[in-house]
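Chain by chain, the residues:
Number of protein chains: 2
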Amino acid sequence: MKGIQDYYPDHFAQCYGCGRLNEHGHQIKTNWNGAETITKFVPKTYHTAIPGFVYGGLLASLIDCHGTGSAALALAKAKNIVLDKSNAPRCVTASLQVKYLKPTPIGSEIEIKGIISEITERKVKVSCELFADDMLCVTGEVIAVLVPDNFGKPKNANLQ
Amino acid sequence: MKGIQDYYPDHFAQCYGCGRLNEHGHQIKTNWNGAETITKFVPKTYHTAIPGFVYGGLLASLIDCHGTGSAALALAKAKNIVLDKSNAPRCVTASLQVKYLKPTPIGSEIEIKGIISEITERKVKVSCELFADDMLCVTGEVIAVLVPDNFGKPKNANLQ
Chain A
1 MKGIQDYYPD HFAQCYGCGR LNEHGHQIKT NWNGAETITK FVPKTYHTAI PGFVYGGLLA
61 SLIDCHGTGS AALALAKAKN IVLDKSNAPR CVTASLQVKY LKPTPIGSEI EIKGIISEIT
121 ERKVKVSCEL FADDMLCVTG EVIAVLVPDN FGKPKNANLQ
Chain B
1 MKGIQDYYPD HFAQCYGCGR LNEHGHQIKT NWNGAETITK FVPKTYHTAI PGFVYGGLLA
61 SLIDCHGTGS AALALAKAKN IVLDKSNAPR CVTASLQVKY LKPTPIGSEI EIKGIISEIT
121 ERKVKVSCEL FADDMLCVTG EVIAVLVPDN FGKPKNANLQ
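Protein chains in written order, with UniProt numbering: chain A, 1 to 160; chain B, 1 to 160.
Honestly, I wouldn't trust all of these hints.
Claimed, not checked - SDA-like, lysine to any residue: derived pairs with alpha carbons at most 20 Å apart: (1) B:K77 with B:N33; (2) B:K113 with B:M135; (3) A:K77 with A:K99; (4) A:K102 with B:A94; (5) B:K153 with B:N33; (6) A:K99 with B:V147; (7) B:K99 with A:A94; (8) A:K2 with A:A94; (9) B:K44 with A:L146; (10) B:K125 with A:L101; (11) B:K123 with A:K123; (12) B:K102 with A:K29; (13) B:K153 with A:N87; (14) A:K102 with B:K153; (15) A:K153 with B:Y46; (16) B:K99 with A:K29; (17) A:K44 with B:H11; (18) B:K44 with A:L21; (19) B:K102 with A:V145; (20) A:K29 with A:L101; (21) B:K99 with A:S117; (22) B:K99 with A:S86; (23) A:K123 with B:Q97; (24) B:K125 with B:Q97.
Calculated from the structure, these hints are not laboratory results. Computed from a predicted structure; not experimentally measured.
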């Protein structure tokens with residue numbers, strides 16, 4: 001199933017967390033699920049913190065990319081952009097807050113839900129909840145900002 | 001050079017971010033540098049966000065483990081523990097806050113500095129600053145809590 005990340009232009013699709021073109025990365029996919037957004041991910045066995053539990057740094061990074069993906073979905077919707085090929089808006093994270101309510105058990109699929117709590121022309125706040133085995137383990141808040149289309153694009157890219 | 005992470009008991013040394021026994025992980029080392037703590041790390045080329053810049057999720061996870069390592073150093077010092085073999089205290093993250101001030105350039109060594117801003121018997125707050133090319137790119141705050149010695153240890157471990 002495609003996610004918003006499949007509609008980023010190629011130079012915005014290199015991210016270790018969510019870039020479809022990063023073969024070493026997590027390649028997460030973020031979608032609408034009703035009025036909320038959702039990302040699912042199965043950590044590897046070596047993504048451990050303390051035996052039996054998922055590494056909190058990985059959970060923070062998943063919330064980060066779920067947040068920017070959710071923000072892109074929200075901006076596309078607000079601007080009536082019909083997603084097609086590589087026309088999705090791209091956001092980066094300005095700030096990230098993560099609270100670890102309880103250890104996240106390793107071995108099952110993680111679900112991250114997002115609620116768009118604020119949106120302006122260039123900034124989106126996303127409130128996140130991370131579940132494992134239907135148990136709320138982590139909450140997070142991401143403030144994501146829209147980047148210019150040519151940010152990070154190689155200069156003279158047309159000549160290469 | 002050894003870090004506090006080299007003094008964690010084996011069952012606390014599996015962490016993807018800082019465990020010396022996790023062959024897939026980052027294996028960061030955290031030490032005192034005067035009254036501050038320090039961790040250095042060189043991201044891989046694939047740890048990218050947008051071309052030219054480091055993935056923010058990685059930076060969050062480095063701050064996370066730098067925070068727990070700094071907290072362990074601070075608790076060892078406060079409790080007059082002489083580090084030897086596997087007697088370091090072990091903390092996990094209760095909350096993590098990260099602010100991305102500017103994109104972090106990829107390709108050079110990252111330095112994370114920590115200041116112990118609060119410490120109690122079981123809880124430590126660490127204020128972090130992350131530099132690349134001597135430029136302050138990210139700030140963070142970690143609240144870390146001490147875990148019991150047998151947390152995550154296999155039951156009947158002595159029988160195995």
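#### Entry: A:K102 paired with B:K153 [C-alpha distance capped at 20 Å]
holds (17 Å)
### Message
Between the alpha carbons of A:K102 and B:A94, is the straight-line distance 20 Å or under?
### Response
The hint holds at about 9 Å.
### Query
Is B:K77 within 20 Å of B:N33, Cα to Cα?
holds (14 Å)
### Query
Is the Cα-Cα distance between A:K29 and A:L101 20 Å or less?
Violated, because 24 Å separates the two Cα atoms, which is more than 20 Å.
### Message
Just to be careful, I want the Cα atoms of A:K44 and B:H11 compared with a cutoff of 20 Å; is the pair within it?
### Response
holds (18 Å)
### Task
Please work out if B:K125 and A:L101 have their alpha carbons no farther apart than 20 Å.
holds (17 Å)
### Query
For the pair supplied as a hint, B:K99 and A:S86, is the alpha-carbon distance within the 20 Å limit?
The hint is violated at about 29 Å.
### Query
Does the alpha-carbon distance linking B:K123 and A:K123 stay inside the 20 Å limit?
violated (34 Å)
### A:K2 paired with A:A94 [C-alpha distance capped at 20 Å]
Roughly 26 Å between the alpha carbons, so the hint for A:K2 and A:A94 is violated.
### Task
Quickly compare the C-alpha distance for B:K44 and A:L146 to 20 Å and report which way the hint goes.
violated (26 Å)
### A:K99 paired with B:V147 [C-alpha distance capped at 20 Å]
holds (17 Å)
### Query
Going straight from one Cα to the other, do B:K153 and B:N33 come out at no more than 20 Å?
Not satisfied, since the Cα-Cα distance of roughly 31 Å exceeds 20 Å.
In this structure, the earlier hints numbered 3, 5, 8, 9, 11, 12, 13, 16, 20 and 22 are contradicted, and the remaining ones agree with it.
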